[in-house]
Amino acid sequence: MSRLPSCMISVGVALFATTSPILFPQQAKPWEQIPVPPLHAFKPQQPKRIELKNGIVVFLQEDHELPFIAGNVLIPGGSRDEDPSKTGLVGLYGQAWRTSGTAQMNGDAMDDLLEAKAAHIETDGDDDSTSIAWDSLKGDADQVFSLAMDLLFHPKFDAEKLELARQQEDSAIARRNDDEGAIAEREAAKLVYGPASPYTRQPEFSTIGAVTVADLDAWHERTIKGRLIVGISGDFDPVAMEAKVRSVFEALPPVTPEPPRHDAFAGPAPGVYFIDKEDVDQSNVAIVALGIDRHNPDVPTLAVMNEILGGGFASRLFQKIRTELGLAYAVDGGFGLEYDHPGTFEVNLMTKSVSTVDATRHAEEEIAGLNTRPFTQTELDRAKDDILNSFLFRYDTPDKVLDERERLEFYGYPADYLETYRAAVEKVTLANLAAAAKKYIHPETMAVLVVGNGPEIKPGLDTLGQGAVKAIDITIPKPQQASNSTTEKQQ
Amino acid sequence: MRLFSRSWKAALALAIAVVAGSLCAQDLKSFEQRITTKVLPNGLTLVICYRPGAPVFSYTTFIDAGAVDDPSGESGLAHMFEHLAFKGTSEIGTTNWPAEKLALAKVEAANDAYEAEFRKPVGRDEKKLAELKQVFVAAQAAAEKYVVPNQFTEVAEANGAHDLNAETGLDETEYFWSMPENRLELWAWLESSRLADTVPREFYKERDVVMEERRMRVDSSPTGRLIEQFLATAYVAHPYGRSDIGWPSEVSQITATEAMAFHRKYYIGSNIVIAIVGDVNPKTDLPMLEKYFGRVPGGPKPEDLTTVEPAQFAEKSLVMRDPSQPFYIEGYHRPSYRDPDDAVYDAISDILSNGRVSRLYRGLVEDQQIAEEAAGFSGLPGDKYPNLFAFYAIPLPGHTPAQMRDAIHKEIDKLKMTDVTDAELAMYKTRARADLLRGLDDNQGLANSLAEYQTRYGDWRELFLDLDKVDKVTKADIRRVANQVFVDSNRTSAEIDTEAPPAGATASEGKSGGAQ
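Going line by line, the protein sequences match chains A and B.
The opening residue of the first sequence carries number 1 in the numbering used here; numbering runs sequentially from there.
The opening residue of the second sequence carries number 492 in the numbering used here; numbering runs sequentially from there.
Hints in this document: simulated from the structure, not taken from any laboratory.
Don't be surprised by glycine CBs; every beta carbon is placed ideally from N, CA and C.
Watch out, some of these pointers could steer you wrong.
To be verified - Here are the simulated distance ranges between beta carbons: (1) E864/B to E444/A: 54 to 62 Å; (2) D654/B to L337/A: 49 to 57 Å; (3) V530/B to I472/A: 57 to 65 Å; (4) F609/B to L430/A: 44 to 52 Å; (5) E864/B to T378/A: 46 to 54 Å; (6) T475/A to D932/B: 21 to 29 Å; (7) D654/B to P414/A: 42 to 50 Å; (8) P826/B to A196/A: 42 to 50 Å; (9) T445/A to G846/B: 28 to 36 Å.
Claimed, not checked - Here are the computed lysine-lysine pairs in the DSS-like style, where the Cα-Cα straight-line distance is at most 30 Å: (10) K384/A to K53/A; (11) K636/B to K117/A; (12) K636/B to K384/A.
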């Protein structure tokens, strides 16, 4: 199965030559005879943007299709900003905020009230923000909005609910080495950003054990003063809704912007890293490097390169490793494009233990091939068609348009970012691709991570020829002392 | 331009949200005006929901055949065929079909010869086997010379196909994606081609790919391993107990000939419903769709399985000792989706499991603080045939599967001995209505629902009429059903007990006995 007959290689070459009339003179392509009429005219409805004097930004997106109203508030500051000795604080905060409730109505009472109306209010903690979101039938919208605002501004964090959230997180920590894919994802990011990076450090029993109700209060007090972004969509009267939102947010003092971050991003130390997992028969392989963020002008070119390398069935990785060699079910890769910090470059695949080295070599060849195997016009055309013809699905519903506008606002991108991006993708050339590969693809700086069953991996990872294999220890640190996290309710 | 869709959905929504009780005929009529159902002469049903707005459409092709229809000894066949359906046709994916067809016949002959030797119970000639393998590999290589790999999906993706995928369940196989509306005819050509004109291209390498999928989903996943054994234990006769992705020895020996036979039997018009939702106007587009989908072969609908799972009369349990963290699941046999009590099971599931007010959350997670998560739900592993109502719980560190079991049984006993409250029952009914409405928002979700209901009830309207049944559920129904079904002798349970493996133990690779 790991054999590579030379005629198979020629099949790969033939793929990129299918447009050549010399190779396939008789080939009629019925699908190319089918007319593609002009697309029905469509101008996605943009939400109304209101910037309040205090700096808070509101988006209102009317949508009368269904009798629902939904809203959310995005609050700058997330887990990357938390005290490392309390890693996991924002995760606990995101849970306990909603389950605690407010002085007027505790979380349990809120559950009863909302569920009876098939309505929701939820809070969440992310790496760069926290948020509150709500939705309900139109008839309940006023009441649900009031409740959500009460929770937004006046939470009453509760020790028992913090404890409940901590137990959930304890369980997640205890279980984090059960799933091979989750291990690979987590440890690959650590290789790129470093284990102590604000983007990869992980909650431990000790760090979540250190979080107190006072910490949650302090976090809320600090972040609620930030530059909030409010988005509301659904079946409402725009004049009345604007008045209502203004009445809540306009009276707030001027916002305090979240201080800018100054993170260092070194990228991985090259080499082969291994995590032994005895109860699997398949290896998870990740080949990683440091990527870029969306401010980079090369992003449109790299988006096209992503498509050629690992985007979909026709990509180089899929064609070679899955279709031609049958070595993997899951294989993909490319540059992750983050909004305000460098993403990771990552190629991932899963293959049975014995073909680990073989499949990894092929993936490495495809990565190196970005510099050595010239991009073809066929590849470029196909990649652009893939991106541009499905571009519509980024804004085909009012909710998607609203989400995108909020995201752009949050990260400080212009409102017409998608249009500019699309236009730039259209202009990408073969020369751009070659230059970008030269600039960004450096196999010698990449790290290879394998999570798999050591004794079954034959030949061994040392045969990859990238120096001694470095073992990564993922043993979960035990809780340091007897847990202070039992409550009187426990049985 | 959204005015059109706005009015009908708003009207329907109001009717559902405000009027307690069933939809009146008027509202259904207003919905019907936008949905066209057409049964073609070959038996294939098209359901088209005209929803202008963004110039896009989504579709679901729903084949009424899934893993339960895998012939004995060929588990994993329906899923293998699903993979084959992306490999192209006699027109797309090939440089020379007549020559490729001959080459594929040689691949099949070479595989047959290899397998015949491989399966010899005694006197297998290893040297001959190696030679036959070489012949097989050479035959594959010869056939591949004519292949344009992934051309079918490449054309779809280059034309804007979004969220392209397929799923094989126990009961059905679904193919779906979304596309810009000006590609409707191109889509109709692609979809009808692969339904009518599948060819056994690159079958054996795709089989290797599916083996990798099996390793990912089952063999290398603790809960994947447990659930496969759990279902195999719960069922003694019905194929719901069989691995849907296939037992390793079987799926690794499936042949292209078997896959094509499955196609001939099940991929016929009467067994297929296609739902399209979006900017597709039946008035102008239907003749074109009829032309393309008329190419699918006709024939009588294949008969359903004769096997009915016999009543369980002895409790069964299994314990998996594994290095992973503890887990508990139990299941009780219940009737199929056509049972008059179907909505009662939904009510039980909702009251026990939906949200932070649910009984299992409040009981096990919030009050007793022994579980990270706990829920009860129907439809494991399918719902076309009698299936399992299952309960599971994920223990918090320091708590055991046995505690999960006891706590779940306490909740079940409560359900059997005391009526649920009026508030709980009302909540279920309200949420069922709201969920239906929310589901209308998404083209792909609506296409899936329309295709499924059209197949399962012979009428997509049942999606809305279902609410009648929801409204009729009473507290007494819930107690009656709970007492009927949640009894010890009808139970199968499974758990993971955390335990380090003995020194020297390895995973199952190589023990699978496949023909690789």
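For a C-alpha distance cap of 30 Å, please report whether K636/B and K117/A respect it. Since the Cα atoms of K636/B and K117/A sit roughly 61 Å apart, the hinted pair is violated (cutoff 30 Å).
Would the pair K636/B and K384/A pass a check requiring their Cα atoms to be no farther apart than 30 Å?
28 Å, holds
Kindly confirm whether 49 to 57 Å is satisfied by the beta carbon distance between D654/B and L337/A. Since the Cβ atoms of D654/B and L337/A sit about 20 Å apart, the hinted range of 49 to 57 Å is violated.
CB of F609/B to CB of L430/A, is that within 44 to 52 Å?
48 Å, holds
Cβ distance range 54 to 62 Å for E864/B and E444/A, holds or violated: With a Cβ separation near 45 Å, E864/B and E444/A fall outside 54 to 62 Å, so the hint is violated.
Restraint status (C-alpha distance of K384/A to K53/A at most 30 Å)
42 Å, violated
Discussion item. I want to verify a distance hint. Is the separation of the beta carbons of V530/B and I472/A within 57 to 65 Å?
Written reply: 59 Å, holds
Note to self: Can you tell me whether the CB distance of T445/A to G846/B sits inside 28 to 36 Å?
What the structure shows: 48 Å, violated
Go ahead and decide if the range 21 to 29 Å is satisfied by the Cβ distance of T475/A to D932/B.
-> 46 Å, violated
Beta-carbon spacing of E864/B to T378/A - inside the hinted bounds 46 to 54 Å or not = 49 Å, holds
Q) Between D654/B and P414/A, does the C-beta distance stay in 42 to 50 Å? A) 28 Å, violated
query: Does the Cβ-Cβ separation between P826/B and A196/A fall within 42 to 50 Å?
result: Because 56 Å falls outside the window, the suggested range is violated.
When held up to the earlier numbered hints, the structure conflicts with 1, 2, 6, 7, 8, 9, 10, 11 and fits the remainder.
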